[in-house]
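Chains as they are written, first to last, in the working numbering: chain A, 1 to 136; chain B, 137 to 550.
Mixed in with the good hints, there may be bad ones.
No more than 20 Å apart at the CA atoms, straight line, and that leaves these computed lysine to any residue pairs for SDA-like [claimed, not checked]: (1) B:K529 - A:E19; (2) B:K529 - A:T107; (3) A:K7 - B:R536; (4) B:K529 - A:M1; (5) B:K529 - A:P77; (6) A:K7 - B:D535; (7) B:K473 - B:L353; (8) B:K386 - A:G34; (9) A:K7 - B:E533; (10) B:K386 - B:R264; (11) B:K386 - A:C6; (12) A:K7 - B:K206; (13) B:K529 - A:C6; (14) A:K72 - B:K386; (15) A:K7 - B:R538; (16) A:K7 - B:L353; (17) B:K529 - B:R512; (18) B:K529 - A:V78; (19) B:K529 - A:V18; (20) B:K529 - A:P120; (21) B:K529 - A:H27; (22) B:K206 - A:C71; (23) A:K7 - B:V540; (24) A:K7 - B:M532; (25) B:K529 - A:G26; (26) A:K7 - B:A541; (27) B:K529 - A:A9; (28) B:K529 - A:T12; (29) B:K386 - A:V38; (30) A:K7 - B:L534; (31) B:K206 - A:M1; (32) B:K529 - A:G17; (33) A:K72 - B:N243; (34) B:K386 - B:L442.
These are calculated hints, taken from the structure and not from any lab test.
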Amino acid sequence: MRCPACKLALATLEVEGVELDFCVEGHGYWLDEGELEVLLGAEETVLEVGELGGGNGGKGPGGRRPRCPRCKRSMTPVVLFEGLELDLCPVGDGIWFDEGELAVLMTELVRAGRVVADTPLARSLDSLTRHFGGTS
Amino acid sequence: MFELIHRNRRRSALLVVAMTLLLVAVGFFAGELLGSGGGPLGIVFALALMGGLFALSWFAGDKVLLAASKARPVDGESAPQLVNVVEEMSIAAGLSKPPAVYVIESNVPNAFATGRDPEHATVAITDRLLALLSREELQAVIAHEIGHIKHRDILYMTLLSVMAGSIALLSDVLMRWFWWGGGRRRSRTSSDSGQGELVLLLVGFLVVVFGALVARLVYLAASRTREYMADAGAAVFTRNPLALASALEKLGAEQAGASSEQGKTARASSPVPPSARAMLIVSPALKAGAGKRSQSPGLFSTHPPLAERIEILRQLGGQPNFSYGDYAGAFKRVSGKRASFFPSDALGEGAVSTMSFNADEPAATELRREALDGLRRGAGWRLWDCPCGARIKLPMELDRERAVACPRCGQVAE
Ligand SMILES: [Zn+2]
Ligand SMILES: [Zn+2]
Ligand SMILES: [Zn+2]
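Pulled out of the complex, with its shape left as it was, chain B reads as follows (with noise of 0.2 Å):
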C-alpha cells in the first residue's frame, strides 16, 4: 500500500513537471506574441498567476468549496451513525486521522473528498446519496472518498487543475487580445524584423492554442486514473466490491432518471462548482449529457463510465479473494487497454478475501435522519421529542414563544 502511494508520487511528479514546462512555454511565446522579447516576463506571469492560484487552493480551496457547495460539518455527536461509518473506513485505509465529515442537503446524490492532505482531509455527503445507499454501499463510498485521501488525489488533481487553468488563462486572454486588435499593433512594430520572427509568431500561435486543450486533456486522463485507482481501494478496504457497484448503479440510475424527466433539471445542478468535479464520487456531466451520450463521453470526462466501472467491481466481486493485481486484470478484460497507472509494487500486494454483498438489504434512512437532524441543530433548529413518539423539527427562524402544537397528538410543545 505505501508503495501504491510512493509510485504514485514518481509518476505523478512527472506529469507535473511536464505540465510546468507546457506552462513555462506558453508563458513565453504569450509573452513573444505580445511583445518582441516579452518571453521571460511571460514566463515569469505564468509562473506566478499559477503560484498564486496554488496558494489560494492550497490555504483556502477546501472552505470555498465546501462553502460553495453549502456543506455542513457534523460530528461524532450530532450524526454518530454516518460519522462512525468514516472512522470506520479510516481505519481500514490505515489514514492516521479520520477526515471531517460534512452533509449536504442537494437532491443530487454525490459525495467528495477535499483538503490538502490526510491530515487536513474532508468528506462531503449529500443526503440524497445518504437516502439511496444501504449501510455497505455507503461503505463502499465512503471507501472510495477515503482512497482519493489516501491517495493525495486531490493535491495532485488540484495541482493539475491550477496549471491546466492557468494556461487556459493565458491562451484565452491572447486570444481576446488579437481578437480586439491587438495583434495589429504587434505585427506593424515587427514587419521589419524578418522570416525568423514570423515562424516564431505561428509556433507560438500554435502552442498557445494547443497547449490549453493538450493541459486539459492531460488533467482529465489523470482525473480518470484516479477514479480507477480510488475504487481499487474502496474494494480492498471493503473487501467488498459488489458494494461499490451497487452504489454506483444506484447513482446512475438515480442521475440517468432525473436528466430524462424534464423540468427536473432546475434542482439537478450540481451541488458543486465545477473545478472540483473531479473529486466527486460520480460525474455530474452524467445527467446533463444523459440523453445524448453517445457523444464522445471519454477525452472530455473527469469520471470513467460508469458502467465499466460497475463492471470492474462485479468480476472482483465474483471471485472468493482479490487484489491490486485482480482490479488491473479486470480493467484490462473490460476496458481493453492496459493499467499501466497501477504501480507493480501494489500489484505485487496479497489477495483479501471477498465480503458477501448483501443486496437487499434497505437503505440507512437512520442514518440520514440522523446526519440531518445533526444538520438542523447545528443550524439553530429545536428538536422535540412528543410524548406520543413524534419528532417536532423547529426552524430557528420560527418565534421561540409561538406555541407549536403536535400535528400527531395535539399536545403543544414546550
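So here's chain A without its partners, still in its complex pose (with noise of 0.2 Å):
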C-alpha cells in the first residue's frame, strides 16, 4: 500500500494487538473497513463504510483526488461534519484521514459526549495521546 499524497510504500504501526497504517513522511493514516471501530473499541459503526459511487475519473471537484491505497480507485470526498472531509474508498476499502484529522474527528467525539480517553487509538499516537489519552 502507498501513501495517496506522495506515494511512499506506508508502513504499519501496532500498539496492544491494534493496528494501522500511516506515512512515515507524516501524510496521514489508513484505517482499513472496520479499523476505527476497533481503534474506537465501539461495538456499532462508526462511519459507515460502503459503497459511494463515484470513484472513476480521477479528477472530482477538487481536482485530482487521491487514489485508495487498496484498490487505487479515487477516493470519494465525504464531508462528516463541518471542518472534516475525508477520503473513502468508492468500493469499502477503508479510509485516509490526512495529518490532523483523526484528532479533528475525535474532539467531535468527545463533543457528542462519547467516551474517547482509553480507547486504542486514543493510547495509539503520539498527537491523540496528549489530547484524548487515557490513564495510561
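With the hints as a guide, dock the two chains, each given alone in a separate frame, to form the complex.
Spelled out as C-alpha cells, the structure:
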C-alpha cells in the first residue's frame, strides 16, 4: 500500500494488538474498513464505509482526487461534519485520514458525548495521547 | 482409521477406472468423428492429454496453486503459534510428518490443503480466516484440511479433476470443430459409407457431449463426499465437533455478508483458482451465488450445503461421545441420504469422548498478528519494537536510510 499523497509505501503501527497504517512522511493514516471501530473500542459502526459510487475519473470537484491505497480507485470526499472532510474508498476498502484529521474526529466525538479516552486509538498516537489519552 | 483410507482407496480406484473408460470412449468417438478410423488415435491422444495434465499437477500442481493464490510460507520461527496448531492436529490425525504451513493475505476467509501425498502436503490459510476464528475453531479448520491430507483426497481429486478436464477439453475442441464447419468436410467423405456409419456418428456425438457433463458431475459428487469425510475426520481428531460447526458458521456468515454488500465484489473474489476449489474449507461459490441461492445448489457444487454440515456437527456435539458411525447416522438424519461412502470398518471404530466447546473464546488475534508479522519478515519488512511499546513495521520498499519516527511517541527508529 502506498500513501495517497506522496506514493511512499505505507508503514504499519501496532499498539496493543491493534494496527493502523501510516505515511512515514507524516501525511496521514489509512484505516481499513472496520478498523476505526476497533480503534475506538466501539461495538457499533462509527462511520459507515460502504459503496459510495463515483471514484471513476480521477478528477473530482476539487481537482485530482487521492487514490485508495488498496484498490487504486480515486477516493470519494465525504463531509462528516463541518470542518472534517474525509477521503473514503468508493468500494469500501477504508478511510484515509490526513494528518490531524483523527484529532478533529476525536474532538467531535467528545463533543457528542462519547468517551474516547482509553480507547486504543487514543493510546496509539502521540498527537492524540496528549489530548485524549487516558490513564496509561 | 487405516481401514477408512484403505476402503476409500478401493472405491476411489473403481471411480477412477470408470472415468478412464469414459475418457477412452470420448477419445475414441472424438477420433472417429474427426476422421473415419481415427478412433484409436483419439484414444491415444486422450490418454496422453490426461497423462500430461496429471504429470503437470503431480510435479508442479501445489507450487502453481500456492503461487497463484499468493501464499507464502511461515515456519516455527516466524509463526510459532499457527505452526504449533498444525503440528498438534497432525499428531492427532496420526500423520507421519506435519504439512508445510502457508499464509495468504486476503480479505476472503478460507483455507485449503494441497500436495500429492501426506509427506509432501501443505496447508494454506488466509489471514482473514485467522482473524475470525478462536483457537479451538482454528484447530477444527486445520483438522479438516489435515483430514483431506490423511484421506489422500488431494491426489484423488486432482486425478478426477484432470480426467474431467481432459474429457471437457476434448468435447469442447470437437464442438468448435463442428461449429466452424469441420463436420461438413467429414460428412462428405463418408456419404457413401452407409447407415452404420451414421449411427456411429450419432452415438459418438452423444458420448462426447454428455461424457463431459457426466464426468463433471462425478467429479463434483466425489468432491462433496470428501468434504463430509474431512468434517468427520476433523470432528474425531479434535473431539470437538461444535468448534468446527462454529467455524463453518462464521465462514458462512462472513461470505454471505460480503456478497450482500455490493461493491465488495471486487475484493471478495476467491484467492484460489477454480481448479483447486474442491480443496477449500468452504465453497467460494457461496459468496457469488448467495443472492440467488435458490438455484440448484446441489449437483453443480464442489461443497455440500454449509447448513447441512453444521447441523450434522451440532448433533454430534450434543452427545457425550461419538464415532464415525455417529457421524454417518447424523448425516442420514440431516440429509435424508445414506452415508454409503463411509467404509464399514470406520463405522465400527470406537467412540471418542466429546470435548466441550467454549463459544465465548475470542478470536485468536495474537496468532494472526504473529503469522502476518512472520509473512512480513519473510517479505523483507523490518520490524522495530519502539521502547514505548509500539511496534513499527516498515515495508521493504522503504529506503533503509530513511529516518522513521514512532507515530506514538515520536522516537526515531534506528
Ligand atoms: Zn505520504
Ligand atoms: Zn479501495
Ligand atoms: Zn514509540
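A quick look at each hint next to the structure:
1. B:K529 - A:E19: holds, 10 Å
2. B:K529 - A:T107: Violated, at about 28 Å.
3. A:K7 - B:R536: Satisfied, since the Cα-Cα distance of roughly 17 Å is no more than 20 Å.
4. B:K529 - A:M1: Given that 20 Å is the threshold and the Cα spacing comes to 13 Å, the pair holds.
5. B:K529 - A:P77: Judged against 20 Å, a Cα distance of about 28 Å means the pair is violated.
6. A:K7 - B:D535: With a Cα-Cα distance of about 13 Å, the restraint between A:K7 and B:D535 holds, given a limit of 20 Å.
7. B:K473 - B:L353: holds, 18 Å
8. B:K386 - A:G34: holds, 17 Å
9. A:K7 - B:E533: holds, 11 Å
10. B:K386 - B:R264: holds, 11 Å
11. B:K386 - A:C6: violated, 38 Å
12. A:K7 - B:K206: Distance of about 23 Å is beyond 20 Å: violated.
13. B:K529 - A:C6: Measuring from Cα to Cα gives roughly 18 Å; hence the hint holds.
14. A:K72 - B:K386: The given pair, whose Cα atoms are some 30 Å apart, is violated under the 20 Å limit.
15. A:K7 - B:R538: holds, 15 Å
16. A:K7 - B:L353: Given pair A:K7, B:L353 is violated - Cα atoms ~49 Å apart, limit 20 Å.
17. B:K529 - B:R512: The given pair, whose Cα atoms are some 8 Å apart, holds under the 20 Å limit.
18. B:K529 - A:V78: violated, 29 Å
19. B:K529 - A:V18: holds, 13 Å
20. B:K529 - A:P120: holds, 18 Å
21. B:K529 - A:H27: holds, 17 Å
22. B:K206 - A:C71: holds, 17 Å
23. A:K7 - B:V540: holds, 16 Å
24. A:K7 - B:M532: This hinted pair holds, its Cα atoms lying about 14 Å apart.
25. B:K529 - A:G26: Holds, because 15 Å separates the two Cα atoms, which is no more than 20 Å.
26. A:K7 - B:A541: holds, 18 Å
27. B:K529 - A:A9: Since the Cα atoms of B:K529 and A:A9 sit roughly 11 Å apart, the hinted pair holds (cutoff 20 Å).
28. B:K529 - A:T12: holds, 5 Å
29. B:K386 - A:V38: holds, 19 Å
30. A:K7 - B:L534: holds, 11 Å
31. B:K206 - A:M1: Holds, at about 16 Å.
32. B:K529 - A:G17: Since the Cα atoms of B:K529 and A:G17 sit roughly 13 Å apart, the hinted pair holds (cutoff 20 Å).
33. A:K72 - B:N243: With a Cα-Cα distance of about 16 Å, the restraint between A:K72 and B:N243 holds, given a limit of 20 Å.
34. B:K386 - B:L442: holds, 11 Å
Violated hints for the displayed structure, listed by number in ascending order: 2, 5, 11, 12, 14, 16 and 18.
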